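Enquirer: Based on the sequences and whatever the hints tell you, model everything.
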Amino acid sequence: MSYECRLEPAINKFKIKNIEEAVIEAAALELEYVKVCGACYEFTICVYIHISLEPGSCWAELVGVSVTVSSSTEVDERVHLLFKHASLIVSNTSTGTSVFYVMKEHSLGVYYLLCRGISAEWRGYEPVDYEEIKELAGE
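Residue numbers for the sequence shown follow this note's numbering, beginning at -15 and rising by one.
One or more hints might be untrue.
Derived lysine-lysine pairs resembling BS3-like cross-links, with alpha carbons at most 25 Å apart [to be verified]:
id: 1; residue 1: K88; residue 2: K19
id: 2; residue 1: K19; residue 2: K1
id: 3; residue 1: K68; residue 2: K1
None of these hints come from the bench; they were simulated from the model.
From a predicted model like this one, the values you see are computed outputs, not experimental measurements.
Expert: What follows is the structure, encoded as structure tokens:
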């Protein structure tokens, strides 16, 4: 089935190349949630998108972002910003990383401050299970 998808304007502000095509493809696969991840300086940022399906069309809206930080990253104002705006922080001692989940309201501001004027190097999308969305919401 072919879909015509509308994107919440906030999604386009992340400047993710081919995001509309990715959302249409995900809608055709009937995926409800997807994430697109990319690198920005020493951070890995993932943008979470909810796709609402209707017959022949869909609506994509921003859910939030996650930011993965290595334990070797210097704690500077950017990391303090993550502590301030994260709804949940998950540390993984086996990988030496922490993941900061940031809700929609603060997502663009966090992205702009972390990337400081450059666009992230975005990779393709991947499906997200509902448990990860609950983590993003701090549940």
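Enquirer: Please verify whether K19 and K1 have alpha carbons no more than 25 Å apart.
Expert: 14 Å, holds
Enquirer: Could you grab the alpha-carbon distance between K68 and K1 and see if it respects the 25 Å cut-off?
Expert: 29 Å, violated
Enquirer: With the threshold set at 25 Å, check whether the alpha-carbon distance from K88 to K19 stays at or below it.
Expert: The given pair, whose Cα atoms are some 13 Å apart, holds under the 25 Å limit.
The structure does not agree with numbered hint 3 stated previously, though it agrees with all others.
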